[in-house]
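Participant: Next come the chains, spelled out residue by residue.
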Amino acid sequence: MEVIDLAWWKLGLAALLVLALGVSGYIARLGITRSLLIAAIRTVIQLALIGLVLEALFASSAFYWIALLALVMLLIAGREVVARQGRRLQGWWAFGIGTGAMFVSSFTITVLALTVVIGPDPWYAPQYAIPLLGMMLGNTMTGVSLALDRLNESVWQQRGVIENRLMLGQTWQQALEDIRRDAMRSGMMPSINAMAAAGIVSLPGMMTGQILAGSPPAVAVKYQILVMLIITAATGFGAVMAVSWGGRRLFDDRERLRLDRLVKS
Amino acid sequence: MKVRRLIHTCYAWLVAGEILCNGVTIMDPAGHGEPILTELLLENVSVGALSEVSLVVPAGQVACLSGPSGSGKSRLLRAVADLEPHGGGISLGGTRQQEMPAHQWRSRVVMVPADSQWWFDVVGGHFPDDAGSRLPPALGFPSEVMGWSVSRLSSGERQRLALWRALSLQPEALLLDEPTANLDGSSTETVETWLLEEIRRRHIATLWIAHDPGQIHRVADAHYRINGTRVEPVHGSD
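These protein sequences, in sequence, are chains A and B. Sequential numbering from 1 applies to the first sequence in the numbering used here. Sequential numbering from 1 applies to the second sequence in the numbering used here.
Please note that the accuracy of each hint is not assured.
Cβ pair distances, simulated, as ranges [unchecked claim]:
{"id": "1", "chain 1": "A", "residue 1": "Met189", "chain 2": "B", "residue 2": "Leu139", "range": "40 to 48 Å"}
{"id": "2", "chain 1": "B", "residue 1": "Glu99", "chain 2": "A", "residue 2": "Gly205", "range": "39 to 47 Å"}
{"id": "3", "chain 1": "B", "residue 1": "Glu197", "chain 2": "A", "residue 2": "Ile192", "range": "48 to 56 Å"}
{"id": "4", "chain 1": "B", "residue 1": "Arg202", "chain 2": "A", "residue 2": "Gly138", "range": "41 to 49 Å"}
{"id": "5", "chain 1": "A", "residue 1": "Val219", "chain 2": "B", "residue 2": "Gly147", "range": "37 to 45 Å"}
{"id": "6", "chain 1": "A", "residue 1": "Ile225", "chain 2": "B", "residue 2": "Glu99", "range": "32 to 40 Å"}
{"id": "7", "chain 1": "A", "residue 1": "Ser24", "chain 2": "B", "residue 2": "Gly125", "range": "34 to 42 Å"}
If you want the footprint, here are the derived chain B segments under chain A, 3+ residues with CB under 8 Å [said to hold, decoys possible]:
{"id": "8", "region": "130-140"}
{"id": "9", "region": "209-222"}
Hints are computed from structural coordinates only; laboratory data are not their basis. If you're wondering where the values come from, they're calculated on a predicted model, not measured in any experiment. Virtual Cβ for every residue (Gly too), placed ideally from N, Cα, C.
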């Protein structure tokens, strides 16, 4: 089956729809026009650029170029995790913990899925490696940033409870127990909801894309199941690491709550 | 290690002796068959605006701390509980703070803050299982209190339960931040009497923040007042 290529002017038709939405928003004073248009322009530019990069990358498929792109993606995701936290750890800690957690979980699981499950040749073939890593990083980023945001915000609001629990001789892990559970739940909720709704409420984007591109639905479904499972695992492990490292950093070696290490961004 | 601990104990008694000479009586430490008496010792502690705070609270005695609000009383208590970074040395019965994990220190030196916090829905969740049956009558609660929901407690009830919560941990030292601030006149005295009884019976070294001169007169074996950056002993009755 051959994929129908889209002419650029046809995308303009879709853009017109967004523009129409922006105009109606402006007339009705809904206050969304500005951010809507900026986001739409960003999406066009960013995707066009990554298209160029991927074209070049697929042509060369040298390992170091793929590794470089993966590193850039990781750093941008790390910056995004920092930006999405209302209160974050001071200095490089916020970036370090978020990026570290995403690196360990997404990269390990992506490499595992590439070498053991999918098995392209070479294992880092960009056609598989880059989209897979992109989906892993994107979802892990959401999970990690939600979990860290919830952790820091709850600790800030419940400082009285945490300190009272410490006063009664609890360890910092015990004093943080409930908050850590909440933070994990909010980090995992999007993945769990997505798995629960998949195929019934929503057709996942990747599968839809693959079917549009001409894959038999049975193959597309298998890939989608694989991707959802490993995304959930990566998000979960990423959130676990981020919450435990972040929680540790909120206490010092004498198990004191150190809110002076949090800054409002 | 043992030698160092011995030296500390000796030093603690020297300082305690000094206080003795200053006119504060302390209990006879050599009671046979008594539990080991653990005094709370602060040496040159500095936290916030306060510096060079040195004092000893012998086992089973109450040292009251007073001073204008904002002078750092609560911060000093938090430093003793090791909840706040501080300078100087703090030890309990010759064992220094740093020699044990912080949570272990805090389960022996228990602080009761001015506004106690409750994080489970039901009162009983915050207590060991048998705390309900051993509930002291002086607190004025029926034994069903362990099944009450926390949201229906008044501030005075919370304060009294917080004291019992701290005492049911069998602490060796207590740090009380205005423990009767939310209580009315008659229950203040009942709670005071009960607290003193427990402190004497269990030989708990107690550092007690108080405002009311009447209360200080009733409970204090020693009285310290914050004056600027110093903590000074107050002699005689005033």
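Participant: For every hint, state whether the structure bears it out.
Facilitator: Structure-based check of each hint:
The supplied range of 40 to 48 Å is met by Met189(A) and Leu139(B), whose beta-carbon atoms lie about 43 Å from each other. As the Cβ distance of Glu99(B) to Gly205(A) is approximately 58 Å, the hint placing it in 39 to 47 Å is violated. A beta carbon spacing of about 54 Å between Glu197(B) and Ile192(A) agrees with the range 48 to 56 Å that was offered as a hint. Look at Arg202(B) against Gly138(A): about 59 Å separates their beta carbons, and that is not inside 41 to 49 Å.
Hint check: Val219(A) to Gly147(B), Cβ distance near 59 Å, so the stated range 37 to 45 Å is violated. One distance hint, 32 to 40 Å for the beta-carbon pair Ile225(A) and Glu99(B), is violated here, with the actual separation near 55 Å. At about 53 Å, the beta-carbon gap between Ser24(A) and Gly125(B) misses the expected band of 34 to 42 Å. Under the rule that three or more residues need a Cβ within less than 8 Å of chain A, the assignment of the region 130-140 of chain B is violated, with 0 such residues.
A stretch counts as covered by a chain when three or more of its residues have a beta carbon under 8 Å from one of that chain; for the region 209-222 of chain B and chain A the count is 0, and the coverage is violated.
Checked against the numbered hints above, the structure violates hints 2, 4, 5, 6, 7, 8, 9; every other hint is satisfied.
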